[in-house]
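Undergrad: Chain A: place on chain S using the hints.
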Amino acid sequence: MTEDRTLSLTAGSGLGEDVVFPSPGQIMRRRMARHVGFIFGAAVLILILIMALLAPALAPGDPYEQDLTRRLIPPVWQDKGTWEHPLGTDNLGRDYLSRLIYGSRVSLLIGVSVMLIAGLIGTCLGLLAGYFGGKVDMAVSFLITVRLALPAVLVALAVVTLIGGSMTVVIVVLGCLIWDRFAVVLRASAQQIRSMDYVNAAKSAGCSTRRILIAEIMPNLLNNLIVVATLEVARAILLEAALSFLGMGVQPPTPSWGLMISEGKEFMLFEPYLITLPGAALFLMVLAINLLGDGIRDVTAPEARS
Amino acid sequence: MLAYTLKRLGLALLVALTVSVVSFMLIRMSGDPAIALAGENASAQEIEFVRRHYGLDRPLAVQYLDWAGRAIKGDFGESSYFKQPVRAIIGHRIGVTMTLGICALGFAVILSIPMGILAAIRPNTWLDRLALTVSVMGQAMPSFWFGLIMIIALGVWLRWLPISGSDSWRHFVMPTIALGYYATPAFMRLTRAGMLEVLASDYIRTARAKGLRWGKVLFKHALRNAVIPVVSLAAVQFGFMLGGSVIIESVFALHGIGFLAWESIARNDLPVVQAIVLMLSLIYVVLTLVSDLLNAILDPRLRVK
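Chains as they are written, first to last, in our numbering: chain S, 12 to 317; chain A, -2 to 302.
Bound conformation, chain S alone (with noise of 0.2 angstroms):
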C-alpha cells in the first residue's frame, strides 16, 4: 500500500529533515487515483451529471413532441437512419437522443430523492437501535424483519397503483420501503462506537444524549453512511425502472428509461434499439453508481474490502 512505501523510503533515507510525512488527505487522494473502479464510476457519472443539468442545451429536439409521419426511424447507423435524429424515433415519431437524455433526469431525481427519504428513515432507526440497544434495538430489529419480510416490488407496486402512479408517489412509496440497509448497516456501526472511549468521555463529561449522538458518534458513521447512501441510490434507479416497465411506475409521457423500455417492447424484434438503447443508459448509470459506492468504500475504509 501507499502508506507502507512512504514509512520504509523515509526509514531508508534516515528521518532527514527533507522527510516529508503524505496528510491523510493525501492518503485518500493517492489512493481515488489509484482506484479504477473510483475513477471510472466518477467520471461517467460526472458526465451523466452534466448531460442531466445541461439538457435542454444537449438535446436536439423535444422530447415530447411527436410526429407521426416521422414513426420509427432508426439510428443513423443503420440503413435509412439520418442524422436529424442520431438515435433514431420511437414510435410516436419523439427524437429517441432527446428522450435518453431527459430520462437521466428523471432517474437521478428518483434516485436522489428515494434515497434521502429512505436515508431518513432508516439512519434514525438504525442510530437509535445501536445507540441505545435493549428494547429500543429489539423493536427496530422487528421493524426490520417485518419490512424484509413484505415482497418490496410487490408491494409497491400494489401501491402506487391503488393511490395512481406519479412521480411523488413513486418516489415517497419506495423511499418508505427501501430504508432496511440504512437501518442495517447504521445500527451495526452504532453498535461498533458507542462502547468507543471517546463516546464514554463524552458521556462523562456530561454530554446530552443528543449531543452524543449528532457530535461523536454522527461523524464517525458519515463515510459508511455515505457508501450506503450511493448504492441506495442505485437501487431505487433500478426499483423505479422495474415499476415503470411494468407500467405502474412514472406514467407516460414522461421519458423514465424504464417506461421506454416498455413502451419499446412491441416493437422490439423488428426495431431492437428502442430497447438496447435506454437499457444500456441504464446499466451504465447503475454501474458507475455502484462503482463509485464500493470505490468510497475502499478508499476511506480499505480494510472493510470483503
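A hint or two may mislead.
As the list claims (entries may be wrong) - Which stretches of chain S does chain A cover? Using the computed rule of at least three CB atoms under 8 angstroms from a CB of chain A, they are:
1. 60 to 71
2. 246 to 259
3. 278 to 287
4. 300 to 311
Derived by calculation from the structure, the hints in this document are not laboratory data. Where is the CB? At the ideal position from N, CA and C, for every residue including glycine.
TA: Positioned in the frame of chain S, the structure of chain A alone reads:
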C-alpha cells in the same frame, strides 16, 4: 437449544401477525376498497352492494379478524375477476413460481460458489478480478432488460429457446438465468469473504502442516465452515426471488403467482393481491426461521445470543 427455538418461534409468529395486518391494510391505501372492487364506472348502488357483499361496512378490526381467521384455514375469499376462490387460483399457479425460484436459486449457487472459492484461493489475481467484474455487472443489470435481451438473442435470432409461456422445461431456462443472475453477486461475495477468513485460520494451517492434500483441506475443512452463512443467505435470497418473480414472470409470460399478482393489480382484483402478498411474506418468515434454527444446530455459538 429449546429456549432458543421457542424464542425464535415466538418472533416468527409476531412477524407473521404484523405482516398479515400490513397485507390487510394494503388494499385500503386507496381509501375505499369498495370503489376499487366495483370498478371506476360503478353506480352508487353497485358500490353499496359490493360493500355489503364483501362485508366492508363493518368496523376495520372485525373485518381484519374475520379475514385473518379465514386465511389461517386457507380461505382467502373470492377473486373479483375470476369469481372463483382465491385459494384455487393461487394453488393452480404456485407450482410454476416455486419451480422458477428453486431453479434460479440453484443457478445462482452453482455459478457463484465455485467463483467465490476460486476468487478466495487466488485473491487479487485475474481470476479474482473476473469474479468481481461478473458480480459488479450482475448488480447493475436491470433483470427485466436482461430478460428482454435474452429473448431477442436466444429466442428470436438463434431460435434456441421459446420466448414465452410455461409448458416445458425449456420455457424456464431464460427466466431462471434472468432471475438467478441477479442473486449471484451476493453469494459470490459472501463465499469469497468466508473462504478468505477460514483459509487464514490456524486449523487450516495445521491441516496443511500435517501434510493433508490441498483439495481435502479446501473442501472438507475450509468450505464446510465457509458456507454456513451462505445457508442463511440462500433462505433470504429465495424469498427475494419469489418477490422478484413479479418482474421476470411478466417479461416471459410465465403463468406463476408473480404474473398473476401483476395482472390482478392491473384489474383491481384486490383479494388475490392481498393473498399473494401475505403468502410471499409468510414463506419468507418460515424460510428465515428454518435457516436460523439450522444455523443454530450447525453453530452452537449462535444459540447463546
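Undergrad: Compare the structure with the hints numbered earlier in the document and write down the numbers of the violated ones, lowest to highest.
TA: 1
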